[in-house]
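Colleague: Please construct the entire structure, taking both the sequences and the accompanying hints into account.
Protein chains in written order, with my numbering: chain A, -7 to 437; chain B, 213 to 549.
In short, the hints are calculated from the structure, not lab data.
There's no promise every hint is true.
Some chain A residues close to chain B (C-beta under 8 angstroms, calculated; not the full set) [said to hold, decoys possible]:
#	residue
1	ILE82
2	GLY85
3	ALA255
4	GLN426
Over the 12 angstroms line for every Cβ pair with chain B, so calculated as not near, a few chain A residues [unchecked claim]:
#	residue
5	SER32
6	GLU59
7	ALA159
8	GLY187
9	LYS252
10	GLY351
11	THR399
12	GLN417
13	SER430
By construction, the Cβ of each residue, glycine as well, lies at the ideal position given by its N, Cα and C atoms.
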Amino acid sequence: MRSAKIYRLALGLGAVSLLAAACTATDNKSDEPVASPTASASGQVSFWHFFTGREASAIDAVVKDFEASHPGITVKVSKGQDDEKMRQAISAGKGPDVGLSYSTDIVGNFCTSGAWRDLNPYITRDKVDMNQLAPVVRSYTEYKGTRCSMPVLADTYGLYYNKKLLADAGFTEPPKTLSQLAEMAKKMTTHKANGDIDVIGFMPFLDYYENSPAHWAPHWAATWFDQSGKSALATDPAWAAMLTWQKQLVDYYGSDKLTKFSAGKGDEFSAANDFERGKVAMMLDGEWRIAFINADKPNLDYGTAPFPPADDKQNLYGGGYVTGNIVGISRGSDNPEAAWELIKYLTTDTGAIVKLANGIKNVPTTQAALASPDLQVDDKFKTFLDIFANPNSATSPSTANGAEYQTLFGTWLVKWQTGRATDLQAGLESVAKQIDDSLSLGTGS
Amino acid sequence: MTTLVRPATDERVVPPARVRKVPAPLRKKRRKHRLFVAALMAPWAIGFSVFFLYPLAATVWFSFTRYNLLEQPVFIGLRNYRFFFTQDPYSLQSVRNTLWLTVFVVPARIIFALVIAQLVIQIKRGGNLLRTVFYLPALAPPVAATLAFTYLFNPATGPVNQLLGKLGIGWQPLWFSDPALAKPTLLILSVWGLGDVMVIFLATLLQVPNEQYEAAHLDGANAWQRFRYVTLPNIWPVLLFAAVTGVIAMLQFFTQAAVASAVAGGTAPVGGGLGERLGYPDNSMLTFPIWLYVKGFANFQLGYACAMAVMLFVVSLAFTAVLLRRSRVFLYGAEGA
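Modeller: Structure (structure tokens):
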């Protein structure tokens, strides 16, 4: 009797499972052919982006210009969206016509899965000159030959330094090597009466604000994967060199003191940012910080410079981490032609790119926009334009598992920097294996 | 002493040896009755199928596939389950964290709620005010409450460490930023919000017949004996309810750990979602549901996340069954098992 019940239950579950399998979302809209060149797009386009506040207003202004120049198209903008939400919406067939992401890490997954449409047919039809884009930008907007995204401005990372704190410690120039950076950081650090850090010269924790292995990697020329696609954490000596330098500075300060300092940090994207309130003398950050400082603390006396490279790799000086915002058309888009018009406008129209770059202080991605006389460039911002153009600048690779390889590494790094992991090589080998195992599960390789 | 007697089970109705033929009008009436019952049950049946049965079956199916939400799932047999037990670097840690919370938070909440409820019903003046005060934290949304706690326990700027310093205590713990203290701090947060359990205990304690206490008192029972032999048997079903719901809640513990780890680990990256910072520090707050979420929605491995969900479902079911079975032994003796 009992076995008959179990049999019936299993049969029922099996039937519903088959139904579930049959009901898995499918969407073949991506296979629709693109329209002829003479057809004009019209209708409404939904547009999701992650910007908020002042930056969202800059986006709104450019979108208004687009609507004015394309009278048949209206854009419904949703700000403050994130990649996870967009992914879920696309899978449910409710994705936005146009999605803008800050993370180039999703490109591999979005291109291979078809979450974002292949833009090549549109690019070919409209004869878009892709040579307008720098090679590094072209590389992070496509994956294995599939171009499913276009760049909406780029981000580059460099060194911000507080001129007053440097001068107080007897320095007039920013550091050019990591040894100089460490020595200067020690001299610029001050403590409270109870021994806690009051002002830090340079925060070496790799999970502090924009500090991350990905953003540091170009300064050691560290590579994430080898030719066969396996993790290179344990085989590329640059990683061990990076972490050895980092740990020496952590040990100088004391990881407990750094943890306490980090726990008291202000919100990164506000006037409470530690650099903006003078609690950090030198910091790695993106070019957008200039706009934040202009808005939050216009009287802050600071400068920008390339982040120093490893002592034995001085030829890398001038380069840095490059990434950017990317934009694509969801596979379930009801109005891909109008969506493409918006993307084309945001990514290739010089006036729009310059206006947006001036508004949120990001780096333009086309040669024409970079050369535009309307682009507002001062000494501070020029540093980042130079980093962007430097051949030693690099980005991080895209994988089918997104940025998981960075997350797994970052998790172990917390152990490393707080002294709970002491065997560097064994730790790197362990993380490399985790990355390879997970990639194997995600791709079936 | 009051002893509880297990109610007698119903006698099973023995079917007649010979089935008599039912007249047609009666058959029609019965069919109409069955249809009426089915119509009444339809809303529940539809809801159950759509919101429980189908998702459960879909989860089971996806657990045997490689599925990233965007592409068609590919059947890979037991590979997700094998990965969990042999290759996943953080599956064991997430299980350990969840078990830690289950073992410490559930009993702590029950014991403190019971003690507070006992004390509050003893207080004649101001009892109502105290009930309200102890219940209020349960009304705070979990996200807001956790944000408040991360502020209170911030080692650099929070008032708790400042108070410790003013009291001359040199110990300045890192609380949510210390892997050894992160879960105990979550425990403090959970115990602070025990008002929901306390109010149920309060109602149950007020239902215990006074005559039983008077009889026990006459028999010479002291306070502990009165609690052990009068209070406890009377409130046992409610204690069991609190334990079962508490265990299930802890097995699904997500919000507080996610918010605390995201805040203590730094601001969640703009646009990237929460997945990147969950579990901080050193994965000490990486509970099983958080790891499931990270794998599914940050690492795009929905098939694997479904396998984890199936295992969580089975474990929750087993925990509940064992708890119910053990409590039957406690309540009714060996024959009740």
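Colleague: Evaluate each hint against the coordinates.
Modeller: Comparing the hints with the structure gives:
1. ILE82: Holds - the Cβ of ILE82 (chain A) comes within 8 angstroms of chain B, reaching about 7 angstroms at its closest.
2. GLY85: 11 angstroms, violated
3. ALA255: This interface hint holds because 5 angstroms falls under the 8 angstroms limit.
4. GLN426: Hint on GLN426 (chain A): holds, closest Cβ of chain B at ~5 angstroms, below 8 angstroms.
5. SER32: 31 angstroms, holds
6. GLU59: 24 angstroms, holds
7. ALA159: Non-interface label on ALA159 (chain A) holds, nearest chain B Cβ at 27 angstroms vs cutoff 12 angstroms.
8. GLY187: 10 angstroms, violated
9. LYS252: It is violated; LYS252 (chain A) is separated from chain B by about 5 angstroms at its closest Cβ, not greater than 12 angstroms.
10. GLY351: 16 angstroms, holds
11. THR399: 6 angstroms, violated
12. GLN417: 17 angstroms, holds
13. SER430: 7 angstroms, violated
Hint check: violations occur at hints 2, 8, 9, 11, 13; the rest are consistent with the structure.
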